[in-house]
Structures are given as structure tokens and as C-alpha cells.
Amino acid sequence: MASGTTATGIGKGFGQPGEVPGWVNNALLPVLNLAAALVVSSLVILAIGENPLSAMEVLLYGSFGYPEAIGFTLYYATNFIFTGLAVSVAFHCGLFNIGGEGQAYIGGLAIGLVGLAFGGMPWPVVAAVAIVAGALGGAAWAYIPAYLQAKRGSHIVITTIMFNFIAASVMTYLLVDVLIAPGQQSPESRQFDQSTWLPFLHEALGRVGIDIPNSPLNLSFVWALACCALVWVFVWHTRWGYEIRTVGQNERAAVYAGISPSRNIILAMAISGALAGFVGLNEVLGVHHRLILGFTGGVGFVGIAVALMGRNHPVGIVLAALLFGALYQGGSELAFEFPTINREMVVVIQGLVILFAGALENLFKARIEALFRRTARRPAAAG
Amino acid sequence: MDYLTLLSVLDGTVRTAAPLVLAALAGLFAERSGVVDIGLEGKMLAGAFAAAAAASVTGSPWLGLFAAIGAGILLSMVHAYATVTHHGNQVVSGMAINILVAGLTPTLAFAWFQQGGQTPILQSGERFESIALPLADTLGGAVPVLGPLYREVISGHNILVYAAALAVPAAAWVVYRSRFGLRLRAVGENPSAVDTAGISVAGLRYQALVICGALTGAAGAYLSTAQGAGFVRDMTAGMGYLALAALIFGKWRPAPTLFACLLFALADAVQIRLQGVAIPGIGIIPVQFIQMLPYVLTVLLLAGFVGKAVAPKASGIAYVKER
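Protein sequences appear in the order of chains C and X.
Here numbering that gives the first Met the number 0 is used: the first sequence runs in plain steps of one and ends on residue 382.
Here numbering that gives the first Met the number 0 is used: the second sequence runs in plain steps of one and ends on residue 322.
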């Protein structure tokens with residue numbers, strides 16, 4: 000399952016004539032695949048009787064057209080950076096982590112419990128504890144499927160899916176029966192003490208004299224960017240990252256090199272789950288300030304698309320997360336503007352992006368690469 | 000638990016098992032040909048929507064069934080195009096189909112029927128009705144133990160339940176006794192041998208996925224036009240994944256897969272019975288914990304009792320001729 004990892008190594012193997020410039024693989028092909036996904040999305044919009052061009056215009060304006068929109072786009076992107084990084088770390092180990100949704104949910108639960116318990120404490124303390132708690136919660140939820148895969152050979156794709164369902168049931172129980180605020184009808188916990196809230200970015204920047212419009216964008220965005228740097232260092236510049244990638248590339252070779260696949264499977268999944276758990280930082284501690292039912296809303300699945308489009312590299316993941324953040328924010332604008340379009344249209348576009356960027360990534364590849372080899376050879380022959 | 004309660008649990012088991020069996024057999028054909036199909040869930044959901052939409056518009060459940068099969072095959076062909084023709088990642092492709100359908104079905108339902116992402120409720124002529132087998136009532140009253148069993152559990156289902164029951168021996172025959180089945184098993188184990196013998200690997204996989212799509216479509220049609228009366232968003236609720244787990248638990252063989260499906264369905268039927276019932280020594284278990292029973296069971300079974308489940312060797316690997 001190294002669909003993403005092979006992309007970086009293409010053109011360097013034996014018997015591969017000529018190099019294809021890196022930007023073809025890392026920029027041109029994703030853009031082409033994205034364009035194909037948008038063309039098919041347009042067909043869907045046509046099928047439900049709307050004009051695709053004006054829909055795309057609303058989508059674009061709704062996501063980047065005015066300052067508040069950009070704040071919302073970045074706020075959604077924060078979640079997708081976390082889940083995209085989560086999926087990519089597992090991918091580097093050859094694992095397909097579909098459980099980001101459940102891991103984010105349980106990580107968020109841990110963060111919510113910190114928020115409830117640490118009322119009155121200053122936010123930096125709460126945030127630090129919450130980061131640890133969220134990481135532990137998410138990692139714990141990823142650990143069991145990882146253990147079962149590593150030691151018992153259970154299929155990790157199926158066990159992580161089952162753990163999504165189990166997490167949803169557990170959270171429903173906790174919010175309906177245990178954590179529900181007294182005298183409250185809807186299943187949500189009481190609001191955290193205001194001192195524990197992660198500052199919104201417009202507040203934080205307002206204090207140093209920079210004015211940006213109000214939006215749910217908060218400091219967890221900064222932590223998301225920090226996580227990108229940490230993942231980059233971890234995967235490519237530490238011994239653990241090297242071992243994980245070795246297991247992902249060739250498990251048998253890893254065994255010969257004295258690297259334990261089972262230990263690395265568990266390590267990669269625990270880190271993956273921890274990253275997914277940080278979604279709670281943005282949603283629970285940053286925006287809702289309470290535990291609510293279903294605050295993850297499918298971000299774990301979007302992470303798959305983000306990792307695929309971002310070629311499992313943090314820089315790519317930030318860009319892909321921005322794209323999906325824009326889709327989300329623009330999509331809600333779309334549902335607002337057009338009576339026949341609802342928010343699920345965004346999920347359709349997401350699915351198509353996963354299809355074209357992930358499963359059909361070879362659709363244009365051979366043709367484009369052949370094109371570039373031909374044009375690259377010509378000047379060499381002339382000289 | 001008295002006998003009639005037991006029978007009603009078994010009856011519920013059969014009802015829940017039918018779509019699982021159809022979907023698991025669909026997965027069996029795909030995986031035996033060497034294509035992992037995690038998109039069963041999405042294809043079922045698409046089938047459920049297509050069946051309900053077509054039945055609602057035309058008034059015929061049979062046209063609904065055809066539409067569902069068509070939708071299933073169409074999505075299977077997308078999967079085949081991505082994974083067989085373009086050697087794409089099979090799990091990613093299946094996941095893409097699941098997400099796409101999860102968004103597409105409510106979007107289309109919202110736009111076409113304006114009922115908040117559902118189809119209109121199907122009237123009695125637009126659904127598959129239950130069929131009373133001959134002499135069900137007479138035997139049910141006259142014969143002591145087997146009579147009620149016949150009346151309650153075996154008789155009184157819709158045609159798709161019986162079709163699912165027949166599909167198991169039919170699938171076993173096709174897989175183990177037909178020429179197509181021999182080639183199917185070969186292409187899942189060693190595609191290059193099949194290729195060397197001059198048979199098209201891609202062709203076989205496409206055929207297997209057509210069967211897979213038709214079966215998942217029928218499984219979806221069961222949900223919306225036989226068991227339920229219309230399409231509700233996300234109505235498959237993980238059934239496609241359970242079917243896949245049943246397939247692994249059944250070690251990619253039709254009869255054991257059937258029993259795995261029955262086991263999951265039994266867990267579900269018991270789950271419904273257990274809701275709100277006080278269990279001696281434990282008390283009332285919160286409903287959410289009971290509802291997660293089939294999922295927990297899946298994890299436990301996959302972790303403990305399958306043993307070393309050996310998938311078809313070529314399963315999950317794209318066949319590239321030059322390799």
C-alpha cells in the first residue's frame with residue numbers, strides 16, 4: 000500500500016530512462032488529477048440542475064473572497080493538517096489508517112476531560128496538559144488495532160473502521176448519560192471555564208496590535224504547523240522514522256536489517272493516532288469549549304485525501320489541507336446560495352478527489368512522463 | 000427464553016443476514032479474483048438509493064432492483080478501471096467509492112425528491128412483500144416443534160432473502176465446479192500463471208467485479224425496498240465492512256462465510272432484544288454498548304478465532320504484465 004511513497008521515488012530506479020522533473024510529479028500531476036475531480040463534480044452539479052460555473056465561483060469566493068472566509072478556511076484546514084499528518088505517518092509504515100475519525104474523537108474526549116477538570120487554570124497550562132492528553136487518547140485508540148495487526152495479523156483496515164464505530168458508541172453513551180450538563184437537553188458537556196479556552200488568533204494578534212477579522216481560527220493552527228515540522232524531522236531525520244519507512248517499503252528487508260516490523264507498526268500507529276487526537280484541540284478547546292456529539296464530522300476520512308494529495312509530505316499536506324479547508328468553507332456558502340445543493344456536495348467532491356488523486360493517480364502519469372522524457376531528450380541530442 | 004422468543008430472534012437473524020450474505024459473496028468474487036473491495040459499503044448504499052429512487056418513480060420494486068444492480072455494477076467498473084486498468088491502490092479506490100457514495104446519495108435525494116436527503120416512503124406495491132410458503136399456517140399449528148419453526152423462521156420472508164439463501168450454493172458451485180471458478184481462483188492466487196496460459200487477467204477481474212457489483216446492488220435493494228420502505232442516508236451503517244469481516248472470518252469460502260454472516264446477524268438480533276432488558280447481576284446495559292456488540296464481535300473474531308487467515312495470494316496486488 001505504498002501508493003503515495005512510490006511517487007517520490009519514481010524515475011530513480013533501475014531501467015528507468017531519464018529523470019522527470021520533480022515538479023511534474025509533485026505539482027503538475029496532482030493539479031491535473033484535481034482538475035479531473037472538479038470536472039466530474041461539475042457533472043454532478045449539472046445533474047442536480049445547477050450551473051457548475053457559478054457554483055465554482057461561489058465556492059471560490061466563499062473560501063478566499065473576503066477576510067473572514069480566509070479565517071474559516073484556515074480553521075477547517077487545521078483539522079485536516081492533523082488528520083492528514085496522521086494518515087501519512089501510518090502510510091510511511093505501509094499502513095492504511097482509516098481510524099482517524101475514532102482516534103480524533105477519543106483524543107478530543109481526553110482533551111475535553113482536561114478542559115472540564117482544569118477549570119480556572121491559565122490556558123497555557125491547560126493547553127500543555129491537553130496536548131499530552133489528546134496525544135495519549137488518540138494513541139490509545141490506535142494502539143489496539145495496531146497491536147492486533149502486529150501480533151495477531153488482524154486486518155488493520157477493518158479493525159480501525161470497527162474502532163470508529165465503537166468510539167462513536169462510547170462517546171454517545173458518555174455524552175448522553177454521563178458528561179451531559181445538568182438540566183441540559185442536548186447531549187453536550189458543560190462549558191469549560193473561560194480561562195482554559197485556547198485564544199482565537201484574532202485575540203492573540205489583537206494583543207500585539209495586529210488586526211484581523213473575527214473567525215474560529217485559534218492557536219491550534221500554530222500547533223498544527225509545529226506538528227508538520229516535528230513530523231518532517233521525525234520521518235526523515237531520526238532513526239525511528241528511518242525504521243518506519245524501511246518497514247513500509249519492504250517488511251522482509253527490514254527484518255534482515257534487524258528492524259522489528261511489529262514494533263514499528265505499533266509506533267507508527269500510536270503517532271498517527273496522537274496526531275489525529277489533536278483535532279480535539281482545535282474543535283473542543285479552541286472553538287466549542289465543551290464536548291459535543293460528533294464534533295469530528297468526518298475529518299478523519301478527509302485526512303486520507305489530504306495525505307494522498309499532499310504526497311505524504313508535510314508541505315504537501317499543508318497545501319492539500321488548505322484546499323480541503325477551502326472546499327469546506329466554500330461548500331457551506333454553496334449550500335447557502337443554492338436551494339438544491341446541500342452540504343453533502345462537499346463530500347462528493349472529497350470522494351472524487353480521493354478517487355482521482357489516490358486511486359487513479361496513474362491516469363495521466365504515463366502520458367505526461369512520456370511527454371517530458373521526449374522533450375527532455377531533444378535538447379540533449381542537439382547538443 | 001421461551002421457544003417463540005427464540006424463533007423471533009432467529010427470524011430477525013435471517014432478516015439481517017440476507018444483505019450481509021449477498022455483500023459477503025460479492026466480496027468473495029472480488030477477492031478471489033485478487034481485487035480487495037472495501038467499497039462494498041458504498042456500493043450497497045448506492046444500490047439502496049437506486050432501488051428506492053427507481054421503485055418510487057416507477058412503482059415497481061423489480062425495476063428498483065435492476066437499477067440497484069446497475070448502480071452496483073457501475074461503481075464496480077469504476078473500481079476495476081482504477082485498480083485493474085490503472086493499477087491504482089485498491090483500498091484507496093474502495094474508500095473513495097464509499098466516501099463518494101456517502102455524499103452523492105443524499106445530494107441526489109435532496110435534489111430529486113426534496114425530502115431532506117431521503118426518498119419518499121415506498122407504498123405496499125413498490126416494495127418486495129413477504130411470501131408465505133405453502134402450508135405455513137397449517138403446519139405451524141399442527142406440527143409441534145418444526146411447525147412453528149417453519150412458519151416463523153423459514154416462511155414469511157421476501158424474495159430477496161430466498162435469493163440470498165440460494166446464492167450461497169450457487170456461488171460455491173461457480174467457484175469450485177465451473178471453468179470460470181477455476182480461473183477465478185487461479186487469478187487470485189497466481190495471475191502470471193493465468194496470463195501465461197493465455198487467459199486475460201484483466202478480463203477475469205472485470206468479470207468478477209461485475210458479479211460483485213450486481214450482488215452488492217441487490218444487497219442494497221434489500222435494505223431499501225424489502226427490509227425498509229425507502230432510502231435513508233447512511234442506511235448501510237457499516238454493513239459492508241461487516242460483510243468484509245465475515246468474508247475474512249469465513250476464510251474466503253462460501254459456506255463458512257454464510258455462517259459468519261449468520262453469527263453477525265444473530266449478534267444484531269440479540270442486540271435488539273437486549274435493549275432495556277435487565278441482565279441478572281449486571282442490570283440494564285446502556286443501549287450504546289449493546290449497539291456496538293457486532294463491531295466488538297468483529298474485532299474479537301478477527302483477533303482471536305480466525306487463526307492465520309490466508310487471503311488469496313494475489314489479493315490487493317495490481318497485476319503488471321512486465322513484472
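Just to be clear, a hint being listed does not mean it is correct.
[What the hints assert, rightly or not] Listed below are the simulated DSS-like cross-link pairs for lysine-lysine, each with C-alpha atoms no more than 25 Å apart in a straight line:
{"#": "1", "chain 1": "X", "residue 1": "250", "chain 2": "X", "residue 2": "312"}
{"#": "2", "chain 1": "C", "residue 1": "150", "chain 2": "X", "residue 2": "312"}
{"#": "3", "chain 1": "C", "residue 1": "364", "chain 2": "X", "residue 2": "250"}
{"#": "4", "chain 1": "X", "residue 1": "320", "chain 2": "C", "residue 2": "150"}
No lab work stands behind these hints, which were simulated from the structure alone.
Source: prediction; values computed, not measured.
Consistency of the hints with the structure:
1. X:250 x X:312: holds, 13 Å
2. C:150 x X:312: With a Cα-Cα distance of about 20 Å, the restraint between residue 150 (chain C) and residue 312 (chain X) holds, given a limit of 25 Å.
3. C:364 x X:250: Given that 25 Å is the threshold and the Cα spacing comes to 37 Å, the pair is violated.
4. X:320 x C:150: violated, 34 Å
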